[in-house]
Each structure stands twice: as C-alpha cells, then as structure tokens.
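Novice: Sequence:
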Amino acid sequence: MAGNYAGTSIKNYLHGVRAWHIMHGVDWDIDKPTLDTIIRGAERLQPDKSKRKKRQPFTVEYITKILEDFDPHNQLDAACGGCLTTSFYCVARVGELTVPTLKDFTPNKFVTPAQIRAATDRNGFQTTVIHVPHTKSSPVEGEDIYFSQQLGRTDPDWWLKNHLETNKPELTEHLFTYGQTIGRRQGCRALTKSAFIQRIHKAARNKNLPLLQGHGIRIGATLEYLLRGVPFDAIRVIGRWQSDAFMLYLRKHAEIMAPYLQPEIHQAFIQYTMPPVR
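Residues in the sequence shown are numbered consecutively from 1, following UniProt numbering.
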C-alpha cells in the first residue's frame, strides 16, 4: 500500500485492522512505536496525486466582489448572501448553515429562524447568536455561533436581515429557506450546500475570480480575525476548536506573527493577545 495510497488512508486502514483484532480477542503483536514508524514511512512514500492541495482562503475583498454579483432582492441571492457572510464572520462550517439535500432537513438538526437571538454585553456591544442543533464536535447538544455588525458591504447583520425580509422563512423552516411565491410556500426549499457553492462559483466566474472551495470560508475567517489581532485563545472559542488544530489552516504566517516580532513598543499588544505562561 505504501507508495500507492495517502499516508492518512494507510493509517486509518491499520487502525481498523487493530480494532478488528481487539474486538475479536486476537493478539495484536505490533507495539505503538513500531506502528508509528510504519505510518511515518508510508506518509513519506505517499504519491503526490494523493496529497490534498491547500485550500485557498476567502477574504473580505473576495467576498465583497462575490456579493457585487448578487441581487439582494433575488430570493436565492438573498439566501446565499446571508449564508456566506454569516458563515464567514461566525467562522462556521458551510454544512452547519446549509443542508446536504432537500430531503435531509429536520428542525432538530439544522438551523431555523427560531434559533436566532440577540445578546448585549455590559459595554453595550451587540451580538447575533445562532444555535446550531447538530455540529461535528457537538452532535447532541449543538453549539452557538455568533457575529457582530461589520463595516462595509460584507456586513452579516445587513445580509441576514435582508434574507429574512426577502424570503420570510417560517420559524420551523430552515434558516436559509428561499423560493416563496406570492401567497404560497409550496415552492420553498432549504439552501443546499451544492446550490450555495454553485451560486458562489457562478459569481466568481462573472467577476473573473478563482473558484474557491467551501471550507475556504472557515479558513479565511480564521485568518481575517488573526490579522485583526484577535487573541489566539479567542479564535479557538469563536471557531469552536477543542485544540490548536486551526493552526493547520493558517496562511500568511509572517503577517500574523509580525506584531510579536517587533521591539518593546508592541509589548502591550503581545501581553493582551498571548495567553499567560503557566
């Protein structure tokens, strides 16, 4: 298998074989150091074609150009605009705000308008909170995602309100439902991931932009907040990571680390953004 498959594929295969031995009470004679050595060797031999290309991040500038191609009064565009900006500023996975297929929607698993609320802190800062009933890391209890109003054309607050006014999804429908005809909701449908990505790609072609993958939204949002100087620990909370796994997504490392490499004039910034030494 080594040299023909990706290292992660071989790793998963080996762990599957080990699990089979354990479940059936069969001796597993390979110790962990040996198994790790085998896996590292397989990773070094994996063919180039099996290596996933780095996904390019969405940026505020890219999203701005995409939105220029959207008609806010068009039902699909209103839904996609709301989904795109909400996903970005919430650092959400696209699958958390869309459905795989039209038949997959159930209100106890996917977002609905009933799960939106506003929150205000002691300083008067307002945040829109959306509860996602089912997520990758919390499939039972779900998780909250949130955004605040932003400056410029990519403001998620404006786009979400525009979508709600244009499409008027009912409280038990999918949050990004669209397609209502006058006095009738039979034609309404939940926004699928494929319809969402297709509309973004159509806009990208119209604007002569590269076609980016959906996961680039989450990567780009992480990068955007880090470039704004948001503390690393805060990024973990916003993106709902249980570890520092988000570091694998980062691009432009030099720009992100620049403030930490400067003389003492930036000491206050570093003390604020870096977690204390334990």
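Fair warning: there could be bad hints in the mix.
Taking lysine-lysine and the DSS-like style, the derived pairs with C-alpha atoms no more than 25 Å apart in a straight line are [stated by the list, open to error]:
hint	residue 1	residue 2
1	Lys202	Lys136
2	Lys65	Lys103
3	Lys136	Lys193
4	Lys193	Lys207
5	Lys32	Lys11
6	Lys65	Lys109
7	Lys32	Lys161
8	Lys103	Lys11
9	Lys193	Lys65
10	Lys32	Lys103
11	Lys207	Lys65
12	Lys207	Lys168
13	Lys109	Lys207
14	Lys161	Lys109
15	Lys168	Lys109
16	Lys193	Lys161
17	Lys161	Lys65
18	Lys168	Lys11
Everything labelled a hint here was simulated from the structure, so no lab data went into it.
Novice: Hint by hint, note whether the structure agrees.
Specialist: So, going through the hints one by one against the coordinates:
1. Lys202 / Lys136: violated, 28 Å
2. Lys65 / Lys103: violated, 32 Å
3. Lys136 / Lys193: holds, 16 Å
4. Lys193 / Lys207: holds, 21 Å
5. Lys32 / Lys11: holds, 12 Å
6. Lys65 / Lys109: Status violated; Cα separation ~32 Å.
7. Lys32 / Lys161: violated, 54 Å
8. Lys103 / Lys11: Violated - the C-alpha atoms of Lys11 and Lys103 are around 34 Å apart, more than 25 Å.
9. Lys193 / Lys65: holds, 20 Å
10. Lys32 / Lys103: Measuring from Cα to Cα gives roughly 44 Å; hence the hint is violated.
11. Lys207 / Lys65: Holds, at about 7 Å.
12. Lys207 / Lys168: Roughly 29 Å separates the two Cα atoms, so the pair is violated.
13. Lys109 / Lys207: Violated, at about 35 Å.
14. Lys161 / Lys109: holds, 23 Å
15. Lys168 / Lys109: Holds, at roughly 20 Å.
16. Lys193 / Lys161: holds, 21 Å
17. Lys161 / Lys65: holds, 20 Å
18. Lys168 / Lys11: Answer violated: Lys168 to Lys11 is near 48 Å, above 25 Å.
Figure legend: structure checked against the earlier numbered hints; hints not met, in rising order: 1, 2, 6, 7, 8, 10, 12, 13, 18.
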